[in-house]
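Line by line, the protein sequences are chains A and B.
For the first sequence, the numbering used here gives the first residue as 2, with consecutive numbering after it.
For the second sequence, the numbering used here gives the first residue as 133, with consecutive numbering after it.
Check before you lean on any hint, since a few could be wrong.
[Stated by the list, open to error] Result set (BS3-like, lysine-lysine): computed pairs, CA atoms no more than 30 Å apart in a straight line: (1) A:K59 with A:K70; (2) A:K106 with B:K141; (3) A:K50 with A:K70; (4) A:K106 with B:K215; (5) B:K215 with A:K50; (6) A:K50 with B:K203; (7) B:K203 with B:K141; (8) A:K50 with A:K106; (9) A:K59 with A:K106; (10) B:K146 with A:K50; (11) B:K141 with A:K50; (12) B:K215 with B:K189; (13) B:K189 with B:K202; (14) A:K106 with A:K69; (15) B:K203 with B:K189; (16) B:K202 with B:K141.
Bear in mind the hints are in silico, worked out from the structure with no lab data behind them.
Bear in mind that the values here come from a model prediction, so they are computed numbers and not experimental data.
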Amino acid sequence: AQSVTQLGSHVSVSEGALVLLRCNYSSSVPPYLFWYVQYPNQGLQLLLKYTSAATLVKGINGFEAEFKKSETSFHLTKPSAHMSDAAEYFCAVSDRGYSTLTFGKGTMLLVSP
Amino acid sequence: DGGITQSPKYLFRKEGQNVTLSCEQNLNHDAMYWYRQDPGQGLRLIYYSQIVNDFQKGDIAEGYSVSREKKESFPLTVTSAQKNPTAFYLCASTTGARSQPQHFGDGTRLSIL
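Here chain B stands alone, though its shape is the one from the complex (with noise of 0.2 Å):
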């Protein structure tokens, strides 16, 4: 079946480290997207790309970086500049129309040992 394969389920963050949440999908889509889901706070958009070697910043790109080499990948860094990396992370992909809804994996927690 298709879907988006986000992993690992649990992360834990020592101070001072990078950490990378692997996105990997299979419905052949365009564009993709990372967000941080916060409590009460909604989703936010962090990165998102189009296309294989661009991507574009969201609204809270700070302390967080990315690439796209691969149509299916979509990896997150969330480096030591991120101070308040504790969060639900998911991530996204659709077609790249507008009328198309974007189909989510499960997530992945992240949270400061």
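This is chain A alone, in the form it adopts within the complex (with noise of 0.2 Å):
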């Protein structure tokens, strides 16, 4: 069965500091991999997604992942972080057939001056 781990319920950092979050998967068949951002009482925006066109993805808000076949991992950076970066970020894999997500249990990132 598919599944997804996100390391850290909770990631600090400082303003200006790089942003790491990870996310290992598991999947029988080759996977697409999504990064959501959800805000407070608000549902969730995509970051970005890999669908197997390159394996570094850019996406909004100068966000970026990584995917490594060999590591299962599809972790998620930005070089400096901003205040506006504070929020829950979510990883998803699709290979349940048709659209079906599976979540991580998600990563609040929080950023202090």
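Quick one: dock chain against chain with the hints and give me the complex.
Structure (structure tokens):
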């Protein structure tokens, strides 16, 4: 069965520091992978997606993620954190057939001045 | 602008009462989904529908029911059989292709009176 593991329920960084949010997945078929961001009391917004075209994927707001098949990872990074990046981030995999997604439990990013 | 509309934003349920959450989309998407979000649990799939007049159970369907009479609409009923309904409910839609991301509404927060 497919699964997604996000290491760390909370990650704290200082403004201007590197952001690294970890995501590992298990999948029996080549996966499609997604990162979403959620601000309080709102729905999820797509940050970026991996659909096998390129292993390094660039998304919105300066975020990017690298697909590493050998490590079954799809970690999210941003070179310099901004206060507005404080939110919860979810990694998701689509491999169950059709377009259903399996989500990780989420990582809350805290940004301090 | 195209999007997904969930209503109401906040909903309160009394003991033994059924309540219905509305989800409408004008994206012309074939597939629609309902998720339940609890703190630290990520998103869990309740029901999904790939086409009008057809739907499938997700991972936590017990105590919930849905209908899909129109392409644009996918209402979720939380029945009295759901003993722990307090949660944030998110509706999503997509074209149905695995490579396409899901688009989310802004959610409904359900609480017990």
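Going down the list of hints, with the structure as the test:
Pair hint K59 (chain A) plus K70 (chain A) holds up; C-alpha atoms about 18 Å apart against a cutoff of 30 Å. Taking the CA atoms of K106 (chain A) and K141 (chain B), the gap is near 23 Å; set against the 30 Å cutoff, the hint holds. Of the pairs offered as hints, the one joining K50 (chain A) and K70 (chain A) holds, with about 15 Å between alpha carbons and a cut-off of 30 Å not exceeded. With a C-alpha separation of about 22 Å, the suggested pair K106 (chain A) and K215 (chain B) falls inside the 30 Å cut-off, and the hint holds.
Distance check on the hinted pair: K215 (chain B) and K50 (chain A) sit about 36 Å apart at the alpha-carbon level, beyond 30 Å; violated. As the CA atoms of K50 (chain A) and K203 (chain B) are separated by approximately 26 Å, the hinted pair is consistent with the 30 Å bound. Between K203 (chain B) and K141 (chain B) the CA atoms are separated by roughly 22 Å; this keeps the pair inside 30 Å, and the hint holds. Annotation: proposed proximity of K50 (chain A) to K106 (chain A) holds, straight-line Cα distance about 18 Å (limit 30 Å).
Proposed proximity of K59 (chain A) and K106 (chain A) is supported: the alpha carbons are some 23 Å apart, at most 30 Å. A distance of roughly 41 Å separates the Cα atoms of K146 (chain B) and K50 (chain A); the hinted pair therefore is violated under the 30 Å criterion. At most 30 Å may separate the alpha-carbon atoms for a hinted pair to count; K141 (chain B) and K50 (chain A) meet this at roughly 28 Å. For the hint pairing K215 (chain B) with K189 (chain B), the CA-to-CA distance comes to about 18 Å; that is within 30 Å, so the pair holds.
A distance of roughly 18 Å separates the Cα atoms of K189 (chain B) and K202 (chain B); the hinted pair therefore holds under the 30 Å criterion. A distance of roughly 21 Å separates the Cα atoms of K106 (chain A) and K69 (chain A); the hinted pair therefore holds under the 30 Å criterion. About 18 Å separates the Cα atoms of K203 (chain B) and K189 (chain B), which keeps this hinted pair within 30 Å; it holds. Straight-line distance between C-alpha atoms of K202 (chain B) and K141 (chain B) comes to about 22 Å, which keeps the hinted pair within the 30 Å bound.
Comparing the model with each earlier hint shows violations of hints 5 and 10; every other hint is respected.
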